[in-house]
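Once you have looked at the hints, place chain Z on chain A.
The residues making up each chain are set out below.
Protein chains: 2
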Amino acid sequence: MNINAFQDSYPNDLAHCYGCGSLNEHGHQIKSYWEGDETVCRFTPKPYHTAIPGYVYGGLIASLIDCHSTGTAAAAMFRKENRPMDSLPPFRFLTASLKVDYFKPTPIDSVLELRAKVLEIKGRKVVVEVNLFAENVKCAHGEVVTVQMPDDLKV
Amino acid sequence: MNINAFQDSYPNDLAHCYGCGSLNEHGHQIKSYWEGDETVCRFTPKPYHTAIPGYVYGGLIASLIDCHSTGTAAAAMFRKENRPMDSLPPFRFLTASLKVDYFKPTPIDSVLELRAKVLEIKGRKVVVEVNLFAENVKCAHGEVVTVQMPDDLKV
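Quick note, the sequences are listed as chains A and Z, same order.
Residue numbering for the first sequence follows the numbering used here, starting at 442 and increasing by one per position.
Residue numbering for the second sequence follows the numbering used here, starting at 442 and increasing by one per position.
If we strip away everything but chain A, and leave its shape as in the complex, we get (with noise of 0.2 angstroms):
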């Protein structure tokens, strides 16, 4: 089990995702663990990540399932391969599709946790689906496809 976040891995040249990247200052470095076969990220909102007020805005929980997504995608991958997250060549991935489907609205004055697991992987795509609770209640869940980084679109 890694003790470091995923994305505490990335290359430098690719952490600069504003859901992700531990270099945007301005954004919301998420990180996510694995715990078993799932995967989990914990956020806390801030104030003004709101909706209707007392709720959080549906634009962040997406953000996050869809971050979280690509980095279990490439957790999984590495696992596959059995081999640690900082080892070469680096896996990243790419949202092709995000589906979020929102139960209720979610409480701002809580911890969100998402927990994902892996449906698919299959050649460079893979298939993640995350459920995202506060308070323990299941208050959405998404089902992201993502692909593995075309390589003419490093930099």
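If you're looking for bench data, these hints aren't it; they were derived computationally from the structure.
Keep in mind that a hint or two might mislead.
You can't tell identical chains apart in this list, so a pair holds if it fits in one copy or across any two.
[Unchecked claim] Capping the alpha-carbon separation at 27 angstroms, the derived lysine-lysine pairs in DSSO-like fashion look like this: (1) LYS487 with LYS540; (2) LYS558 with LYS540; (3) LYS563 with LYS521; (4) LYS579 with LYS472; (5) LYS558 with LYS545; (6) LYS472 with LYS521; (7) LYS545 with LYS566; (8) LYS521 with LYS566; (9) LYS563 with LYS487; (10) LYS487 with LYS566; (11) LYS563 with LYS545; (12) LYS487 with LYS521; (13) LYS472 with LYS487; (14) LYS566 with LYS540; (15) LYS540 with LYS579; (16) LYS540 with LYS563; (17) LYS545 with LYS472; (18) LYS521 with LYS558; (19) LYS579 with LYS487.
Just chain Z now, kept in the frame of chain A:
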């Protein structure tokens, strides 16, 4: 044709959303307008809204699609009732589900244009389709199921 943005007509107690509330000083404060039977929102990303350097992160795209769609849903209901958006009672929509397909990386140094159409109005539900363009190239597509906010959530 209403020359004010949809969001400028939201009542103050519903104008705090990070994506679209005119009273959220930290937020995106998007503005949406009718153009014929489509609604349009133009948004300039900040440099830090990045995924990998040079491109917009997917969470921002999801957020813009989300809030432009709830605004479009409200506008469509007012139009259906043939009354201005600042008339009472207000319509305010929440997102039940959000599906975004990312076709290609979205360049960050451009004005993003979101163009939406109402696919269906049925009771309290409005389904909205959104295409997102950068430099006239379609980079993402969204389909959003919105529902009218329940009375017991009113703040």
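Comparing the hints with the structure gives:
1. LYS487 with LYS540: Result: close both inside a copy and across copies, 24 angstroms intra and 25 angstroms inter.
2. LYS558 with LYS540: both (15 angstroms within a copy, 19 angstroms between copies)
3. LYS563 with LYS521: within (12 angstroms within a copy, 46 angstroms between copies)
4. LYS579 with LYS472: Classified as within: same-chain Cα gap 20 angstroms, cross-chain 31 angstroms, threshold 27 angstroms.
5. LYS558 with LYS545: For LYS558 and LYS545, the Cα distance is within 27 angstroms both inside one copy (21 angstroms) and across copies (25 angstroms).
6. LYS472 with LYS521: Within one copy only: 21 angstroms inside a chain, 45 angstroms across chains, cut-off 27 angstroms.
7. LYS545 with LYS566: For LYS545 and LYS566, the Cα distance is within 27 angstroms only across copies (16 angstroms; inside one copy 30 angstroms).
8. LYS521 with LYS566: Result: close within a single copy only, 13 angstroms intra versus 43 angstroms inter.
9. LYS563 with LYS487: Neither way: LYS563 and LYS487 sit 37 angstroms apart in one copy and 35 angstroms across, limit 27 angstroms.
10. LYS487 with LYS566: neither (33 angstroms within a copy, 30 angstroms between copies)
11. LYS563 with LYS545: between (32 angstroms within a copy, 20 angstroms between copies)
12. LYS487 with LYS521: Cα proximity of LYS487 and LYS521: none, with 35 angstroms in one copy and 37 angstroms across.
13. LYS472 with LYS487: The answer is both: 16 angstroms in one copy and 23 angstroms across copies each meet 27 angstroms.
14. LYS566 with LYS540: Both. Shortest intra-copy (16 angstroms) and inter-copy (18 angstroms) distances satisfy the 27 angstroms Cα cut-off.
15. LYS540 with LYS579: both (16 angstroms within a copy, 19 angstroms between copies)
16. LYS540 with LYS563: both (19 angstroms within a copy, 22 angstroms between copies)
17. LYS545 with LYS472: Close inside one copy (24 angstroms) and across copies (26 angstroms); limit 27 angstroms.
18. LYS521 with LYS558: Only inside one copy: LYS521 and LYS558 sit 14 angstroms apart there, 43 angstroms across copies, limit 27 angstroms.
19. LYS579 with LYS487: The answer is within: 20 angstroms in one copy meets 27 angstroms, while 32 angstroms across copies does not.
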